[in-house]
Structure formats: C-alpha cells, structure tokens
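A.B. asks: So the chains spell out like this:
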Amino acid sequence: MANFIPLNDRVLIKRVSSEEVTQGGIYIPDTAKEKPLEGEVVAIGSGKIMENGSVKPMLVKPGDRVLFAKYTETEIKLNGESFLLIREDDLLGIIL
Amino acid sequence: MANFIPLNDRVLIKRVSSEEVTQGGIYIPDTAKEKPLEGEVVAIGSGKIMENGSVKPMLVKPGDRVLFAKYTETEIKLNGESFLLIREDDLLGIIL
Amino acid sequence: MANFIPLNDRVLIKRVSSEEVTQGGIYIPDTAKEKPLEGEVVAIGSGKIMENGSVKPMLVKPGDRVLFAKYTETEIKLNGESFLLIREDDLLGIIL
Amino acid sequence: MANFIPLNDRVLIKRVSSEEVTQGGIYIPDTAKEKPLEGEVVAIGSGKIMENGSVKPMLVKPGDRVLFAKYTETEIKLNGESFLLIREDDLLGIIL
Amino acid sequence: MANFIPLNDRVLIKRVSSEEVTQGGIYIPDTAKEKPLEGEVVAIGSGKIMENGSVKPMLVKPGDRVLFAKYTETEIKLNGESFLLIREDDLLGIIL
Amino acid sequence: MANFIPLNDRVLIKRVSSEEVTQGGIYIPDTAKEKPLEGEVVAIGSGKIMENGSVKPMLVKPGDRVLFAKYTETEIKLNGESFLLIREDDLLGIIL
Amino acid sequence: MANFIPLNDRVLIKRVSSEEVTQGGIYIPDTAKEKPLEGEVVAIGSGKIMENGSVKPMLVKPGDRVLFAKYTETEIKLNGESFLLIREDDLLGIIL
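Chains as they are written, first to last, in our numbering: chain A, 1 to 96; chain B, 1 to 96; chain C, 1 to 96; chain D, 1 to 96; chain E, 1 to 96; chain F, 1 to 96; chain G, 1 to 96.
The following block holds chain A by itself, in its conformation from the complex (with noise of 0.2 Å):
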C-alpha cells in the first residue's frame, strides 16, 4: 500500500480517527497527562540491531491495532496521504 520501508526499529502507522476509536473500542481519558493513540500497522523495519550484532525481531506485523505514546511519532505524507513513524520500543502494545 505505502511504497516506503521503515529502517532499523521504526514501524510505518495509519493512524485511527478518534471517532472510530471510541466505538466499542479504546478511550483515552481525558485526564491522562500522556494520552496513548492509536493506529494501524502498515510496514515495519528489519529490527533493530543490538551491540552483540543480533537483529532483535520486530513484534508487530502489518495488520496489528496498536497503541502508541503521544509525541513519539514523526508524521509524514505519501502521496498525499498521512503516516506516522514511530520506533518499535514506544509501541506500548498490540489490542486484539
């Protein structure tokens, strides 16, 4: 779909509109300090390489609902439409 490939750790997300969210799925409350969002898995990396040279392997795939930290994600746009590229360790986990 998106013609990029995320490097290293980082993982390329569609995010999910609020309104969607709040329909039988995830709310955020309104006094959290740091409100977590979600999105969608589009691409991901190769892993990130630890300091033995081993890949760590990626814990998500294209396809997995996700939650993320707010202000970790970079936004970009792909013929014309937005992502966001977030590293894999600021995904706080995968909603089923």
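Check before you lean on any hint, since a few could be wrong.
With a straight-line Cα cutoff of 27 Å, these simulated DSS-like cross-link-like pairs (lysine-lysine) come out [what the hints assert, rightly or not]: (1) B:61 - C:77; (2) D:48 - D:14; (3) A:48 - D:70; (4) C:56 - E:56; (5) B:56 - A:61.
Source of the hints: derived by calculation from the structure; they are not laboratory data.
Place chains B, C, D, E, F and G on chain A using the hints.
C.D. replies: What follows is chains B, C, D, E, F and G alone, placed relative to chain A:
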C-alpha cells in the same frame, strides 16, 4: 479478559482501589514522598530483549498482586474499563 | 514474616530504630552530609539480570544487618507494619 | 560521482528539492514540528562497529531514495556541489 | 577489626590524619582544587560485577595505604570509631 | 614527519588552509552552522578498544585527505609546526 | 622513584616545565582554548577492566613523554615532590 498484548517488558495492570487495600492488606503512609500503589497483573509482554539478544523472562504472571511506584503508569481504557501499563522494572514486588 | 517478594535486585528491609543502633552498635555522626541508616534484611529479590542474560546473585540474605544510604529507600506498609524497599547496589555493607 | 567515502555509519546524500518532491512524491505537512526531508543516497560508510567488534551492515545503498529527520544533516560541498552527511540511524526509511 | 563487610566494589577505609601524613609521607598542596586524602584499607567488598557476569577482582587489600579523591567518601561510625566507605574506582592509587 | 604517536582512536592531522581548499577542492558554504574542515592525516592511533576487548581498526591512514566537524579538534605544535588531534569518530569522511 | 602504584587506568606523571618544553620541543599556542600539557610517565596502573572482564593493556610505559589535555590532571605530592594523576584516555599521545 482484556484483549491486549503488552509489548516488550510492559505489564497490563488492573488497579486495586484504595478502599480494598486498606482492609487488612497494604497501607501506604501519608508521609511517603512517592506512594507505591497496588494492582493485579492482567497481561504481560514477552520480556525485555537484552543487548546480547537473549530475552529476560518476566518475573510476574497474570493474577499476581503487585506494588508499583507512582507516576510510572500509563493509563488506558479497553472497552470502557481502565487499565495501567507499567514496565516490569518499575514493579516493586509481589504481594503473597 | 512479610508476605512480599521483592522484584529484581530489590531488598525488603525492616528499619532498626536509632535508639537500638546507638547502644553499642553503629552511630551516625551529625556532620555527615548523607547519613547511612541501618536495617535488617527481611526478603530479597532474585537478583539483577545482567546485559548478557546472566543473573547477578544477591550479596545479602534475610537476617543480615545492613547499612544503606539515606533517600534510596521506598517506604511501604505490609499488614500495618512499615518496611523499606532498596536496590541492592544502594546497600553499603553488612554489619557483623 | 562524488569522490568521497563517508566514515563509519555515515551516508552521503544529494538532497532532492522540494519542488520535485511535491509532484506526486512525498509531501511534508506545514504543521509538523520537525519536517522530514528527502534525498538520494550517493555514498555510504562501511557501517557502525558494534561493541562486540562486529560490523552492522548498512541498510541503504547508493541510489536509494530516503527520508531523514531535519537538523540531523551536515552540509558540505564537493567540487562546488552541495551534499549532506547523515548517520544512518537518522534515516527514517526508504521510498520505493 | 571492624565488623563490617563492604558490598560490591566498596572499600572500608580508616582515614590517616593530616599530621601523620605530612611527616615524610604525602603532602597535599593548598592550591589543588580537589585535594586527595590518605587512608588505610580496613576491609574490601567482593568486587564489581561486570555486565557479562564476571567479577572484577579488587585491586587493594586490607593494610594498603591509599589515596582517594575528596567528596567521594561516605563517613560511618562502627562501635564509636569513624570509617569511610569509598568505591574502588574513586581510589587513586596505593602508596608503598 | 611528526614525531608523535596519537593514543587510542586519535588522529594527528595537518590542516589544509582554506585558500588551497577552495581551488577546485572542497568549499564550505558560509551559511552552514558547523562548517566541516579539511586536513591530511599525518599519524593515527592504534584504534579504539571495544568493551569486549577487541580493537576497532582505524579507517583512515597517513596521507588521507579527510573532512572533520569543527570544534572537535585539539590544536598542538610539534617543533613549531601546528597539528590537530581528532578522535576518528569525529572524522566525516575521506576525500578521494 | 615514586613509591606509588596508580589504580586501574591511571598514569602517574611528572610534569615537564614549560621552559624545557619550548626549547626545541613542543610549543602550545596562546590562542588554544584548552592547552595540552607535557609530562613524563613515572608509573602506570594495571589497565582498565572492560565490561567483559578483560583488561585493556596500557598504551604508555614509564619514561614515555606524553601530551595530556589540561584540567584532566589531579595534582599530588609524594615525599615533597609534585606529580600528576591522569586517566590514560585523557592522554593525547606520545612524543618521540
């Protein structure tokens, strides 16, 4: 119960309300600078990846009663229910 | 005694009151910038996991009398009794 | 083309002008705090040396179209032509 | 002598008073920004645990005369007698 | 030429004057925040020792024309002649 | 000569006075922000212990003429004579 898989060394926790806690359980003194809080582990990540590529196994499991340092939690709601996400290193210990 | 399992390299300590301490035991001078305190080890964690995945064994055991640097402790109460949680690296030594 | 060998994990990049980019390519929104920029890889270093002495292979190669975070580049001129030097970890990804 | 076992890479030291020191021994100039001090090693820890799990053996032993950088010591009293606790890396060297 | 052996990963460099540089060589734009400078490698250290004890071999050799980031150099004079000392990681690349 | 064993990667140095230095030796320009100084190695430590437990061998030996960055030295006096203690990584190089 919660359809959520925490990533890396994160732990999904259901906070135990203070009322329950003070009844014969743990009690947090008012004078403490940083009051530990209590909760029940709901789901755990696969564990922190060490620099040599090995996985540090999680020390807690779903159902464990844990104490954690305040301000280390990230609050989320799943299907309208509140949960906390905490990195395992911020958990102080398990209450038997 | 205390139904609590400290996590990682944390140590559960029962503080020894100053009155006991000064009677032929350790005495902390008033001029010290950061006064060490004394306590008895009640429970220990399983040890710090090193970056190569090995476990650093704990150097103290339940029953040990230890000195620790002030402001490194987290105070908790278990069944109405006060305890301290301290990372082992903040323990200065064992009093024989 | 450029008679220059980047050292370690550095990448020599020829910036692609904004005019080209917006024509059916990538578009950077004005509201982004730190706008990613686009360029073409001209030359690459031999790769970062990890703490265990192994070499982390480079993930990009000459000819790749890459996105990079702004303010991570060092501008140089070789024979009157402008180039940028960027550490590979500051490259966000490859545009296909 | 002192019933105390330092933990990790800590060294228990009995400070040598300045009067003794200046008599044919070491002399600390007044102009030095951070004056080194002298003491005698009384007890040593088991050594620092390195990240690969191995133990770095202690370089000093009880009885050694050592120089240490000021402000790196923690003062304690054992049975009414003053001692200092210093991490081995803050010891500058051994006086023969 | 210079009777000097740099230690660890340091490189001894003879700066090339700006006049030479702009004549068909490299040109540094005035607008650059941190202008890279050019020099010739005169002598190299034995290489950085990695945490696993292995030696990272030097990537430059005497005679190489190199670019380096400004403010990373230490100026010394040997027999009245000026030289610069720079850690290899601060060298940007080799000009062919 | 000096009855002193430096610890870890420390080097005991006898400073060479500026008068000697400027006579056909090294000369430090007044405009340098941080002037390197010259000295002779008198004694060396056993070497830095790396994280994998191996010892990094010392690169200098007693008798070597060395340059070191200012403000990295600790001044001590042994039997009334002034010496400097410097970590080997702060030595810039050896003058032949």
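A.B. asks: Now tell me, hint by hint, if it's right for this structure.
C.D. replies: Hints, verified against the model:
no. : hint        : in the structure
1   : B:61 - C:77 : 23 Å, holds
2   : D:48 - D:14 : 21 Å, holds
3   : A:48 - D:70 : 22 Å, holds
4   : C:56 - E:56 : 13 Å, holds
5   : B:56 - A:61 : 22 Å, holds
Checked against the numbered hints above, the structure violates none of them.
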